[in-house]
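Residue numbers (our numbering), protein chains in the order written: chain A, 268 to 623; chain B, 268 to 623; chain C, 268 to 623; chain D, 268 to 623.
I should point out that these hints are in silico values taken from the structure, not numbers from a laboratory.
There's no promise every hint is true.
Remember, identical chains collapse to one label, so a pair may be satisfied in a single copy or spanning two.
Straight-line alpha carbon distances no greater than 30 Å define the calculated DSS-like cross-link-like pairs of lysine-lysine that follow [as the list claims (entries may be wrong)]:
id, residue 1, residue 2
1, Lys474, Lys375
2, Lys482, Lys285
3, Lys571, Lys387
4, Lys280, Lys475
Protein chains: 4
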Amino acid sequence: MQKKTRDYFNIEKHSSLKPGKWNKITDIEGVKVGHSTLADGDIQTGVTVVMPHENNIFKNKLRAAVHVINGFGKSIGLVQIRELGSIESPIVLTNTLNVGTVSTALIKNILAQNEDIGGKAGSFNSVVLECNDQYLNNLRKLAVQEKDYFKAKENIKKDFREGAVGAGRGMSCYGLKGGIGSSSRRFKISEDEYHLGALVLSNFGKKKDFLLYGKSLSDIMPQKDEEEKDEDREYKSQDGSVIVILATDLPLSSRQLKRLCVRAGAGLAKTGTYISNGSGDIVLAFSTADYITEYDSGDFLQNKILKDRKLDIVFKAAVESTQEAVYNSMVTAESVTGFKGRSRESLKNLINNMER
Amino acid sequence: MQKKTRDYFNIEKHSSLKPGKWNKITDIEGVKVGHSTLADGDIQTGVTVVMPHENNIFKNKLRAAVHVINGFGKSIGLVQIRELGSIESPIVLTNTLNVGTVSTALIKNILAQNEDIGGKAGSFNSVVLECNDQYLNNLRKLAVQEKDYFKAKENIKKDFREGAVGAGRGMSCYGLKGGIGSSSRRFKISEDEYHLGALVLSNFGKKKDFLLYGKSLSDIMPQKDEEEKDEDREYKSQDGSVIVILATDLPLSSRQLKRLCVRAGAGLAKTGTYISNGSGDIVLAFSTADYITEYDSGDFLQNKILKDRKLDIVFKAAVESTQEAVYNSMVTAESVTGFKGRSRESLKNLINNMER
Amino acid sequence: MQKKTRDYFNIEKHSSLKPGKWNKITDIEGVKVGHSTLADGDIQTGVTVVMPHENNIFKNKLRAAVHVINGFGKSIGLVQIRELGSIESPIVLTNTLNVGTVSTALIKNILAQNEDIGGKAGSFNSVVLECNDQYLNNLRKLAVQEKDYFKAKENIKKDFREGAVGAGRGMSCYGLKGGIGSSSRRFKISEDEYHLGALVLSNFGKKKDFLLYGKSLSDIMPQKDEEEKDEDREYKSQDGSVIVILATDLPLSSRQLKRLCVRAGAGLAKTGTYISNGSGDIVLAFSTADYITEYDSGDFLQNKILKDRKLDIVFKAAVESTQEAVYNSMVTAESVTGFKGRSRESLKNLINNMER
Amino acid sequence: MQKKTRDYFNIEKHSSLKPGKWNKITDIEGVKVGHSTLADGDIQTGVTVVMPHENNIFKNKLRAAVHVINGFGKSIGLVQIRELGSIESPIVLTNTLNVGTVSTALIKNILAQNEDIGGKAGSFNSVVLECNDQYLNNLRKLAVQEKDYFKAKENIKKDFREGAVGAGRGMSCYGLKGGIGSSSRRFKISEDEYHLGALVLSNFGKKKDFLLYGKSLSDIMPQKDEEEKDEDREYKSQDGSVIVILATDLPLSSRQLKRLCVRAGAGLAKTGTYISNGSGDIVLAFSTADYITEYDSGDFLQNKILKDRKLDIVFKAAVESTQEAVYNSMVTAESVTGFKGRSRESLKNLINNMER
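Please put together the full structure from these sequences, using the hints given.
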């Protein structure tokens, strides 16, 4: 088991709600996550797949929403989610220039599972989100192949790894190593327990802006004066991006899921970011509570939906789990050296060194 | 030269503004259009490229906007256009499941032209828009290859063909053959002449809804009673989509270009559509008036922008040219027979038959 | 009974669906409409109230949505409808500078009915929409008083008048007299009959742009050459606005109601408008199918919601009833002479003269 | 001079940019703020006016944008700001049920200054934003009168008071006294100094969520265990709202101002909020750099606009000044007792008590 933020710091006081069993997005029943990691010299990149449930997702769509905090991004699939309030695809993360390749892989996968696409079921809306890992990864090589999507998908599990893995392999967060992080919260409504989980692909922020529950890096540990390197400066003109995936087993409408996404933005802000110009900050939320079986018989869906006035606890869960997921992405990530010999130091290492 | 709507019908009274020289989107200086057409048995599809100007588009971005009328669509590139109000990519059209492949081709093309992508210029936002041509094209074969993008790009010209070509090869419009259509308007502001051009990829509507400047098909020509075929019914569950590209040499802000896009929707409505559920109706507009040279020296851009109160003539041009472009897509298209032996009749043929 | 468009023209062929009993928005059970009309010399204005149902609307909210086609408008109440997907207020129409006064009247009315506002029920979201009637009405006199809201509300009925009444008193449409118009459609889903109704406050367009089911005014009747008057020219800089209210008894989500609103825009476009710069074109839709009783016990709502793939018939109903409602606003309106002796001629009169 | 957050706490380390001369929104040249305060027993409310410049604002409009973080609010004027990217009105703040009254006062004021409204200048878009002060103020009395707008306007000055004044009189923030707060930042671009200022009307959050630069209230001072009072619980169902006004002398487009507004949301999040369901959180930003003189001669505007890649320093300024403005609203506010004998304690008092 990877040590996470809670294993290093007492964060109980910053958290009004308890995490689920895994403290991961996979605490939502049916959700699994898999990675394919490419780590070889100047290639430090990969693919991460979030499977929303275990059945045919194209035939069993889920209510969903997206929110673009800052749209300096190249994702595919958002237009239809907005119109129909649903997803019909696994959610895939990768580097910014490989979205097309991964989308094609995803399409081939779903075509193979659904004979009626191209016939009475029409087209398919692939969802691929991205960050730019060009600091550690030779982006121009377009290293991710279609097979990497399939490999990530084969690897899906409940207890997936976080940190410098999958799409997170080459990502940087607050000048340190970022990548995949996750966290979850559980809470009761009407005597029933529900869960909300967040998964982030973190690739944003500058060292001096980082806040760990209000503490800056220099509050936590002595900071050496760093000469800004040329490559750093080059990179800075394009700093950023973060993708947040929120999953919940609570029955929310797509309108409510959109409201939930906005709260993820508050969770990100609490980690210190001012949301830089070059950042593609996108949140996608889905609820596993009901399948939308559009193409079955029957003209109506029967939905049980939470009342809006009961949303506050869910909003808190979204803020807290997004914030903690960012920290988890940093705390679990090992240091990585890649493209042009550049490296990003692991926050975990910094903490361990400090502790010694 | 292809005969267009104006060659068959007296449309002067429906048009308050005159068309440009070509009556095409290429009446805007610098704009060129090219096709790659795949027409072989059950493969009836292709790629169409709109080049916004003749220089390096990544280094010389243009102000732009998008408007989603109905978001049942799978386009890539819209998120960043919304945030930054600019395009940095050729605008490429293809079938719905080949967006990823074409995006990757576009990325390879732009990478080859711009050494600084993946370095100080960061990432690149490819723009690929689509319709679903599954009625005439075997969509599941994912027939479009990366080379088709390059072929379309090699073919760019001012006097491009309209109709059943490029991305329009397999498209259907109002139960007849649709595809690529274009039209333009010219008008004076402050003694200077400006142009607005529209290019559509038409793939929407049912025969009984079609209106040719207010006249239904049965007003124009006798209609035979048609038995609805099974394949027709199958197809209907996913009817639709239309992409509209608007170009102008008038200096408009991205906010104003967004307003322009909304007017394209009025142009579409006048052709009879009620905008069906399954339609992905998307409008993209750009102005060639200024280059946005973000990465040059200097912290400010100097812009000359039209006052909003002068927009009415441009709005009219957008409505009229979009409406006429839809008709042109139908009037120029030849009949096509493709997947499963299905065919779409040419409106041109119907008119010619009627005239005989 | 007022003669409407169907009484003058054969519009069956332009209409795929049948109207309801009244061919008005009041064909939706529970919906009533009332007017207060101010018509005295240079004061030609008023208030129109649409009551969504017969019970306490604040305690029995309805799912709702708004869509801004062109936002040159001054309405109040839209922000909250967007966030919560619901209305808790009668929908009130008036002239552009009296929105504040009418909002205050509405607040006093709802406060009197709901003791818990200002306490546990918090605040109240009044909905007041407007057009600018300054051509016929001396707008600067702010003639509408709080009592006019109450008077309009007392007058609510099923068989309300259309034309130059209530908020429509001073409005102009396509250079002729506009105002209040309404139309409806009925249709079957799963063997049950449902209704959709539209009510417009029409105040947009220029004479030469008008299309009556594809026919221009000069197609219908001989047009005299008109000298453009100075006041006309003055007015033109601010031409326009139209408000569309859609009501349905079909259970739609707020997301679907938003999609419905977009189709009202297609209905407007078919009457000829290119949506001028100065126009505030706003659509509001609500469903009477369920009450949202947020403040009752219970944490969840149970909703029956139409599947999106069944929306096409409703979309058609929205297009057709909006288009016909605009015509009805013109055909029912008498000629009005008002501010500065200006007058707007009645389309009804033109037709009657022509027929003689 | 009122003591502000900087006078109690060392906040240099949390602030990368220096404040302007006043550390208020009035550091932007031309901007002035005035209050009218109603403080008498159960009436604790008022009006605050932000004047964007010293000339006729209707004739000299400014580029502007709005961003709705959470739309549980009743403001007027936002629709047109979105469409035209400009304001033509003073920005007025008041309590939630008096928006109509204040809008009417504002209209009368602007009508008196502009003879051409209702004629060739058309209508006027009043901007009135609100929070719900019902905990301390008897909201149902609709205490604010039209004269209070005029009184606030007479009182405008550079060195305006913050805290429990004007529209802020009855507001609560994080369970303590909130109200009006302001802060500013200055920064250089191309050797020229520019300013950004924030003004907030704070009325959101619960005591346990408050973070003063990462420290909770219990970190700062010992907290007594509080029995939750019935009125508290009642109030909680409608907690919240905050209005943020951002002003800058930097030439930004309306698109860029919209982006700026999003960053104010990050500033709010850093004060601890999770953005509760019942909160109306709205940001409005304007730039004083150019007048938009739409109705002058000339068809084009000449704009100098900052490049997007230079926005980061402005984004930081927006985050920092919004965050500090919230703290200033609390630190400057005196304790207030009002409706039903309820009171909100002053953070200033708490700090002073602690220091003794």
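Quick rundown of the hints versus the structure:
For a Cα distance limit of 30 Å, the shortest separation of Lys474 from Lys375 qualifies neither inside one copy, at 41 Å, nor across copies, at 33 Å. Taking the closest pair of Cα atoms, Lys482 and Lys285 come within 30 Å of each other both inside a single copy (22 Å) and across two copies (21 Å). For the homomeric pair Lys571 and Lys387, the shortest alpha-carbon distances inside one copy (29 Å) and between copies (25 Å) are both at most 30 Å. Proximity of Lys280 to Lys475 under the C-alpha cut-off of 30 Å is found in both arrangements, the shortest distances being 24 Å within a copy and 10 Å between copies.
The structure is inconsistent with hint 1 alone, although it conforms to all the rest.
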